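Top line first, the protein sequences correspond to chains A and B. Using the working numbering, the first residue of the first sequence is number 1, and each one after it goes up by one. Using the working numbering, the first residue of the second sequence is number 1, and each one after it goes up by one.
Just so you know, the hints here were simulated from the structure itself, not pulled from any lab data. Some clues are possibly wrong.
Identical chains blur together in the list; that is why a pair holds if it fits in one copy or across any two.
[Claimed, not checked] Taking lysine-lysine pairs in the DSBU-like style, the calculated list, with each CA pair at most 30 Å apart, reads:
#1 Lys227 <-> Lys6
#2 Lys198 <-> Lys6
#3 Lys16 <-> Lys434
#4 Lys410 <-> Lys434
#5 Lys228 <-> Lys198
#6 Lys336 <-> Lys434
#7 Lys16 <-> Lys433
#8 Lys6 <-> Lys206
#9 Lys288 <-> Lys206
#10 Lys433 <-> Lys6
#11 Lys6 <-> Lys410
#12 Lys198 <-> Lys169
In this text the structure is predicted, and so the values were computed from the model without any measurement.
2 protein chains.
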Amino acid sequence: MKTLIKNSHILTMDDKRTEYSDGYLIIEDNAILEIGSYDQLVQKETEFDKVIDGDQTIAIPGMINTHTHIGMIPFRSLGDDCPDRLRRILFPLEIACMTKELAYHSGKYAIAEMQLAGITTFVDMYYFEDTLAQATDEMKSRAILGETVVDFPTCDTLIAHGGIDYAEKFIPKWLNHELITPAIAPHAPNTNDPEAIKEAAALAEKYGIPLIMHVAEMDYELNYFRKKYNTTPIGFLQSLKVLNPRFIAAHCIHLSDQDLQILKEEGVGVAHCIGANTKSAKGVARIKDMLELAIPVGLGTDGPSSGNTLDLFTQMKLTANFHKTTLHDRSVFPAKEIFAMATIEGAKVLNMANQIGSLEVGKRADIVLVETSSVNMFPIFDPYAALVYSANASNVQDVFINGTSVVRNKQLVNNNLSDLRSNLAAEMTDFSKKARELI
Amino acid sequence: MKTLIKNSHILTMDDKRTEYSDGYLIIEDNAILEIGSYDQLVQKETEFDKVIDGDQTIAIPGMINTHTHIGMIPFRSLGDDCPDRLRRILFPLEIACMTKELAYHSGKYAIAEMQLAGITTFVDMYYFEDTLAQATDEMKSRAILGETVVDFPTCDTLIAHGGIDYAEKFIPKWLNHELITPAIAPHAPNTNDPEAIKEAAALAEKYGIPLIMHVAEMDYELNYFRKKYNTTPIGFLQSLKVLNPRFIAAHCIHLSDQDLQILKEEGVGVAHCIGANTKSAKGVARIKDMLELAIPVGLGTDGPSSGNTLDLFTQMKLTANFHKTTLHDRSVFPAKEIFAMATIEGAKVLNMANQIGSLEVGKRADIVLVETSSVNMFPIFDPYAALVYSANASNVQDVFINGTSVVRNKQLVNNNLSDLRSNLAAEMTDFSKKARELI
């Protein structure tokens with residue numbers, strides 16, 4: 001199966017940031033076979049199984065969402081402005097009403113939302129990850145799926161830290177899947193016993209898989225480690241010997257200079273969730289300092305109740321404006337650098353930069369066409385600026401994951417969105433009733 | 001001509017913030033004739049000239065963009081991350097390449113973008129405002145159009161402060177237009193001689209029209225007034241006796257406590273342009289303090305080279321996240337309050353709250369239907385939160401201005417977007433050539 005995409009403005013995001021203003025791409029099976037200027041194309045169009053005219057589009061690498069919770073679509077628009085929403089609304093609702101079926105339908109819907117927004121790879125942390133892996137497999141997205149471990153009984157386990165048992169079964173089952181990487185996700189340093197964190201890390205070590213954790217996100221988390229151990233969350237995790245390049249640290253809002261050095265030394269990657277961090281008034285992470293130390297940083301939407309939409313266009317814009325303002329310098333975090341965080345730098349956080357994150361021959365065919373015919377996309381003197389400052393998710397026209405067309409002309413190819421929604425809505429009856437009691 | 005809109009979730013934004021979860025609206029000619037719960041509708045559907053089924057929509061008052069520059073579409077994506085872009089790129093390009101024809105086509109395109117984003121009223125500050133009034137009239141939007149006055153020759157005048165002469169002809173010509181209010185717009189306190197500011201204010205006084213100005217936006221503006229007059233820009237303007245309720249002050253980023261008191265005493269309204277202010281790293285205005293003093297505050301996109309897109313959804317999200325983070329409190333600026341700034345509070349800034357800004361019987365029929373069938377709009381526990389945190393411009397389905405349907409099913413009714421674009425592109429040849437030399 002060979003597909004030609006022609007006449008697109010291609011941003012490869014390779015090391016040289018090569019662009020082709022009138023470019024072509026050839027997809028063979030699941031990989032990129034050729035990429036270049038259209039005038040260099042040798043083969044005849046009739047030799048391809050499919051030809052897509054990319055006129056008035058920008059072709060980009062599939063975007064990488066480094067942190068989300070796909071089971072949480074039901075929580076969207078619920079208590080957004082409520083103080084301590086996590087303990088007042090989210091945890092109680094999850095324990096009372098989250099089921100395997102609800103997580104499954106939420107997962108499929110969330111993946112649809114990401115595909116429609118040009119996200120081809122995501123990192124999830126939630127419960128029922130075996131079920132969410134099934135949803136991901138059906139939706140044909142690329143993902144790292146981390147089963148949550150936390151020090152209280154949850155919707156998918158009756159015992160504290162029961163996620164470890166769950167993960168022990170879940171991980172080997174999905175280990176050799178082409179698109180899915182199973183993982184383990186201790187919720188946060190302060191919501192797990194140190195022994196449980198070490199146990200989770202040992203499991204990740206055994207299988208060579210990612211360890212995902214919320215780190216240095218909460219004020220009370222910082223206070224807890226200062227008082228109890230006279231250290232920081234990062235310092236504490238280092239003392240447990242669980243930091244390494246497979247560790248994906250979400251948030252990292254409150255870091256000391258020493259914390260930054262530790263992240264660098266241990267090779268930890270960071271999932272920066274600016275929308276969630278700032279909507280909840282938690283603060284702005286020291287991303288410029290991280291980038292100067294060559295710590296890999298990607299962008300994350302966080303869950304749909306925190307970042308609200310599962311698209312990185314919103315996050316890119318917020319990243320630009322927050323860091324420019326915090327640093328009092330409009331020239332820092334130029335659009336090209338922010339777009340890199342949404343693509344190739346995100347791939348580095350996931351240790352997948354050899355496969356995804358840029359459009360290069362031999363890499364997986366995770367490709368997005370963003371149309372420039374909509375009103376917000378003219379004129380374009382700088383395509384990176386157009387993507388970061390002007391585009392929104394609705395400009396995504398075509399999406400390929402691993403060579404498979406999942407979005408064509410802004411519609412899901414293999415799924416019907418209104419079916420996904422009505423299936424989810426049907427599962428939400430109890431949840432919605434309980435939710436309305438809480439708010 | 002009578003139109004019925006039915007089955008919509010209506011957010012009236014009246015004083016009580018009345019909502020109708022299954023509501024109807026009747027438009028007669030240019031006004032709202034009835035509004036209420038659908039089960040209270042007396043007339044038969046066959047009695048209407050047109051019936052719009054608002055199923056899966058939220059009906060809201062047309063949004064009000066309190067500050068923009070509609071002639072500046074050609075500048076979009078040009079030097080976004082460039083320090084001192086105003087003097088290095090914008091001013092030189094404007095003087096060299098901005099023509100009446102270019103402003104006209106840019107204006108029409110910009111108005112189309114706003115209509116498609118649910119903005120029914122805007123406040124403009126630019127050159128060639130007589131031509132832009134013609135564009136606004138053709139596009140059937142509601143607007144306050146302010147001719148710029150500045151202390152150097154510009155694209156539409158050969159002399160410093162020539163905008164005053166221009167305005168003297170422009171204002172009486174459009175004074176009795178149903179949708180257009182002409183105005184005068186001294187560029188900033190530090191870019192005009194004090195005498196010119198007073199002259200502009202006298203002209204505004206004579207006709208009872210708005211005076212629009214960028215105020216307290218730039219660091220060097222603050223320094224200038226501190227050094228030369230030992231005061232602030234606001235203090236200086238008060239000393240000139242030009243502040244009053246017809247004054248629309250854009251930006252107001254850097255205000256002292258005394259400045260806030262002056263704004264309150266003089267009844268000045270503020271156009272808050274969070275996107276432009278933070279992308280350019282200028283800072284976050286003290287909006288919470290303004291609201292506590294009951295100073296009217298609306299939202300503005302600023303020009304398409306500063307705020308990039310001419311929609312208020314982007315601005316609402318940025319407003320929420322920036323103010324919550326600056327004040328370290330996720331509960332401040334709840335979605336409902338931010339949505340009010342985009343509608344009824346914006347109308348107050350313009351002294352037009354008796355006509356627009358809320359859906360009430362007798363007010364002008366400026367109405368927007370936002371669809372909730374797209375992937376980002378489910379579930380909705382709080383429609384205000386859905387509008388502020390989840391929606392984007394592409395969710396706007398129908399727009400009525402003064403009773404006229406200008407957008408239907410996400411398409412312009414009376415114009416063809418690709419024609420508007422190709423007309424603008426055709427006028428941009430010289431501009432684009434010069435622009436590429438500057439960046």
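For each hint, the structure was consulted:
1. In this homomeric assembly, Lys227 and Lys6 never come within 30 Å of each other (Cα to Cα): the closest approach is 60 Å inside a single copy and 59 Å across copies.
2. Taking identical chains as interchangeable, the C-alpha atoms of Lys198 and Lys6 are never at most 30 Å apart, the minima being 50 Å within one chain and 59 Å between chains.
3. Taking the closest pair of Cα atoms, Lys16 and Lys434 come within 30 Å of each other only across two copies (27 Å); inside a single copy the shortest separation is 53 Å, beyond that limit.
4. Taking the closest pair of Cα atoms, Lys410 and Lys434 never come within 30 Å of each other, the shortest separation being 34 Å inside a single copy and 35 Å across copies.
5. Taking identical chains as interchangeable, the C-alpha atoms of Lys228 and Lys198 lie at most 30 Å apart only when both belong to the same chain, with a minimum of 18 Å there against 64 Å between chains.
6. For a Cα distance limit of 30 Å, the shortest separation of Lys336 from Lys434 across copies, 23 Å, qualifies, whereas the shortest one inside one copy, 44 Å, does not.
7. In the homo-oligomer, the alpha carbons of Lys16 and Lys433 lie at most 30 Å apart only across protomers (26 Å), although the nearest pairing inside one protomer, at 53 Å, exceeds that limit.
8. For the homomeric pair Lys6 and Lys206, neither the shortest alpha-carbon distance inside one copy (44 Å) nor that between copies (60 Å) is at most 30 Å.
9. Taking the shortest Cα distances, Lys288 and Lys206 never come within 30 Å of each other, neither inside one copy (34 Å) nor across copies (52 Å).
10. For a Cα distance limit of 30 Å, the shortest separation of Lys433 from Lys6 across copies, 26 Å, qualifies, whereas the shortest one inside one copy, 50 Å, does not.
11. For the identical chains of this complex, Lys6 and Lys410 are neighbours both inside a copy (18 Å) and across copies (28 Å), given an alpha-carbon limit of 30 Å.
12. Taking the shortest Cα distances, Lys198 and Lys169 sit within 30 Å of each other inside one copy (18 Å), while across copies they are farther apart (78 Å).
Checked against the numbered hints given earlier, this structure breaks hints 1, 2, 4, 8 and 9; the rest are met.
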